[in-house]
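Engineer: Starting from the structure of chain A, add chain B where the hints point.
The listed protein sequences correspond, in order, to chains A and B. Note that the working numbering has the first sequence beginning at 1, numbered continuously upward. Note that the working numbering has the second sequence beginning at 1001, numbered continuously upward.
Hints were generated in silico from the structure; no laboratory data involved. Possibly wrong hints are sitting among the right ones.
[As the list claims (entries may be wrong)] Derived lysine to any residue pairs resembling SDA-like cross-links, with alpha carbons at most 25 Å apart:
hint, chain 1, residue 1, chain 2, residue 2
1, A, K68, B, L1321
2, A, K68, B, I1154
3, A, K68, A, V28
4, A, K68, B, N1049
5, B, K1325, B, L1340
6, A, K68, B, A1330
7, A, K68, B, A1225
8, A, K68, B, G1262
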Amino acid sequence: MTRSAKILICGGIALAAFGMLYGLHYAVFIEHQTLDRMGGALADGFVHTAQRRMPEARAAIDAYGWTKYNYVRQVDVHSHWIGLAMLMIVTGAAFERVGFSERWRRWIALALLSGSILFPFGVIVQTATHGGTFASGLAVAGSALVTVALAACAIGFLRQSS
Amino acid sequence: MATPATSRDAALGFAPMSASRLLVFGGIALVLGGMLFGDIFAVFVLHQNGGRTGETLLAAAHAAAAQDPESVRNAFTSIGSLLEDRGTKVDAHVHMTDAGYLALLLALVQPYVALPPQRKRRLAQFLVTGGVLLPLGIFLIHYVGLAYSPLRVIGWASVLADSAGALLIVALLGELWGFVRWLRGERTEADKIATEENSWSRRALLGGGTVLVLLGFLYGSWYAAFDLYPHEAQETRILHSLANSAADRDDVGISRAVNQYGGLAAARAVSIAAHSHIIEFGVLAMLLSFVQPYILLSERWKRRWVIILLAGSLTLPIFVLGELKFGLVAGGIADFGGLLVIVALAGMLAGVLRYSGSGDAGIVQGVR
Chain A
1 MTRSAKILIC GGIALAAFGM LYGLHYAVFI EHQTLDRMGG ALADGFVHTA
51 QRRMPEARAA IDAYGWTKYN YVRQVDVHSH WIGLAMLMIV TGAAFERVGF
101 SERWRRWIAL ALLSGSILFP FGVIVQTATH GGTFASGLAV AGSALVTVAL
151 AACAIGFLRQ SS
Chain B
1001 MATPATSRDA ALGFAPMSAS RLLVFGGIAL VLGGMLFGDI FAVFVLHQNG
1051 GRTGETLLAA AHAAAAQDPE SVRNAFTSIG SLLEDRGTKV DAHVHMTDAG
1101 YLALLLALVQ PYVALPPQRK RRLAQFLVTG GVLLPLGIFL IHYVGLAYSP
1151 LRVIGWASVL ADSAGALLIV ALLGELWGFV RWLRGERTEA DKIATEENSW
1201 SRRALLGGGT VLVLLGFLYG SWYAAFDLYP HEAQETRILH SLANSAADRD
1251 DVGISRAVNQ YGGLAAARAV SIAAHSHIIE FGVLAMLLSF VQPYILLSER
1301 WKRRWVIILL AGSLTLPIFV LGELKFGLVA GGIADFGGLL VIVALAGMLA
1351 GVLRYSGSGD AGIVQGVR
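So that you can see chain B by itself, here it is in the shape it has in the complex:
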C-alpha cells in the first residue's frame, strides 16, 4: 500500500522536469512504444516476410537449375532486401525497448549520480533522445538505403542510427562519471528514490522478474548446448543439398530443401525470441518494482496490473515456442500475451501520470 510517507519521499525525487521523472516517463514510454511496434511487426510483417523469403529462395534455386545466373543474382538481391526489411524492424523493436529499460535503470541510480541537477537533466534528455532516434534510424535503413550517401555501404539512416547510439554512449559515460564522483564522496542535491516501500506489488514484480530471467537463462543455456551448433550445421547442409538438387534439376529435391530451410529458420527464430523475450520481461518486471511508489492507483489496481504483466510475460515466450507445433493459434495467443504486457504497462504509465499531476499540484497522498 502506498502510504503518505513513502509517497512524500518519492515526491522529493520526482520534481517537475527532474532527471528521474524524465527517465521514468521516457523509459516506460519507450518500452511501450517498442512493444507496440513489436506486436504490430509480429502480426503484419513477420510471417508474410518469411513466406516471401522462402518463395524467393525457391525461385533462385529454379533459376540455378535453369542455368540462369542473372535471375539467381536478382533473386538473391530480393532475398537481401527482404532480410534487411525484417532485420531492421526486429532491431528497431529491440533497441527501442532496451533504451527504455536503460532509462528506467538510470532513473534508479540517479541518487548515486553526483552531478548538478541541470547536468543530470541534460544527460537524461540525451538518453531519451538517443532512445527515440536510434530505432527510428534503424527502421529507416531499409527505406532510405544508400540514397545521396557519399559512402559505399553506409546510408544516411545508418548515420542517424550510429549518431543516436553515440548519444546514448555519451549519456551513459556521463552517468558513470557522476557515479564515480559519488563513490569519491561528492554529494549534490538528493534525488531520492523511495526504495523502502515493501508492498505486495513490489515483491511480486521483483521475485517474479528474477524467476523469469532465471528461466530465460536456463532455456538459453539449453539452446546453446543442444540446438545452436546442430542448427548451424543443418543450415549449411540444407544449402548444399539445395545447390546439388538445382544442379541435378531435381524439382522435388529443391522443394524439399527449401521447406527444410524454412522450418529451420522458424525453429531458430522461435527459440531466440522465447529466450530473449522471457529475460527482457523479467528485467522489465524487476525495473517496474522500483516504479511502484510513483504509481498513484489503489493497491487493488496496482495488483491487477502486476498480475496481468506477469501473466503476459509468461504467455508470450511459452506460446512463441508452441508456434512450431501449433502454428498460428499459438502465434495468436503469444501476440495476446504481448498485448497483456502492453496494457499493463499503459495502466502503470497512467498511474505515474496521475502521481506526477497530483505531486505538481501538491496533493500527493496515500491511496488505499
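Chain A on its own, in the form it takes in the complex:
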C-alpha cells in the first residue's frame, strides 16, 4: 500500500471512530436535553403570546432560534465527520487508480484529510462563536480543500481510465 493510501485509510478509520464517539457523547449527554429545550422554548413563545406577554414571547422564540442553530450544527458535524471519513477510506482503497505521481497523490491525500478535519471543526466552532468570521473561515477553507482534492481525484481517475 502506498503512503498516500495509508494516509487516507488510516486517517479515515480514525476520523470515523472519532465522529462516532462524538455522536455517541452528543446523543447520550446533550441531544435529548437540547431537543427538550428547543421544543420548550417554541411552546413557551406561543404560551406567552396567549398570555399577551410579548417581550417574553419574543425572547423565547429567539432562544428557540439559537438552540436550533446549535443543534443543526452539532448534528451536521457528526454526520459530516463520518461521511468524510468513509469517503477517505473508499478513495484510499482506489487511490492507486488516481493517475498522478505518488508525490502529487500524497498532497491530494493530505488536502482531503486536513479538509475533512477542518471543515466540521469550523462548523463546531461556529456554535461557540455564533457565526464568527474565524469559525466560518475554517469551515470554508476545509470544504474548499475537500472539494479541490476530490476534483483532483476525479481528474486522476479519468486520466487513469484513458
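Structural biologist: Leaving out everything else, chain B in the frame of chain A:
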C-alpha cells in the same frame, strides 16, 4: 469482464463465513434495507407528516389568538410528537444505509487488518449486528417513548440505539487496531480482495461515483454559502410574525405565516435531501466498484445494473430539488429514481449470492 483468474483471486478472500463475505452481504443488505425503508417513508409518511405539522401549528396560533395557553401547550406537544415521528424515521433510514456503507468499506480494508480470522469475523458480526439494532432502536424511540424507563429523558429504545452505536464503535476500534498492527508489519492469513480487475463496470462506478460526490459537495457549498443563514433568519422572522399575528387576532396574518413556515421547511428539506442523497449515492457507487469481481453475472447484465444505479442516483436528487417547483410529479419521479437504485442493488446482491454459491461449490469461473 470477470476472468477466471480474477474470480479465483477474489474467491480466496471470499471464503464461507469469512469477515469479507459477511461484510459484503451485510453491507449491501443494510443499504438495500435502508433505501427501501427510505422510499416507503417518503411515499407514505413524509408529506402527510408535514401537512399535519402545519395544521397543528395553525391550531397553536389560533389557540394563542384566543388566549388559551393550555391548548397552545397541547398543540406543541402534538407538534413535538409529529417531529419526533418524522425525525426518528429519517434517522433510522440514514443510520441503516450508513452502517451498510461502513460494512462495505471495511470489507475493502480487510486485507490490511492484521487480526486472526475468527477475531475479524467477530468484529464483522458486531458491525452488522450494530448496523441492524441501531436503526431499529431509533425507529422504536417514537413508539416506546419513556415507558418503564428509570431516566427522565432517555427511554429504552434510546438505550438500545446507543448500545448498538457503542457496538459499532467497538467494531471500528477493533478494525483500527488490526490496521495499526498491519502498519507495524504484522501479517495474518491473507484476506485477498481482487483489486486488479479493470472492467468497464468498475471504472464507470468509480468515475461516476466520484463525480456524484463532487456535485454533492458543490451543491452543499452553494447551500451553506447562500441559503443556510437566510433560511435560519427567515424561520425566526416567520415565528415572530406568527406570534404577532396571533396577539393581534389577525387570522389572515396567521394563515400567511403558517404557509410561509411550511414553504421554508419544504425548501430546507429538499435542499438537504438533494445534497445528502447525491453524495451518499456517489460513495455507494464507488464502494460497489470494488464488489464487481464478486458479482457472478454476464458483463452485459453488470453494465445494465451499473447504468440503472447511476441513472437512479442522479434522478433522485435532481427531482427532489424539483419538488418545490413541480410538486408531487417531481416527488414521484424522485421516488422512482430511488426505486431504480434499489432494483440495481438487488440485482448486484443476486450476483454476489450466485458468486458465493458457485464459489462454495468450487465452480467459480469466468462469466462472459
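Engineer: Can you name, in rising order, the numbers of the hints this structure does not satisfy?
Structural biologist: 6
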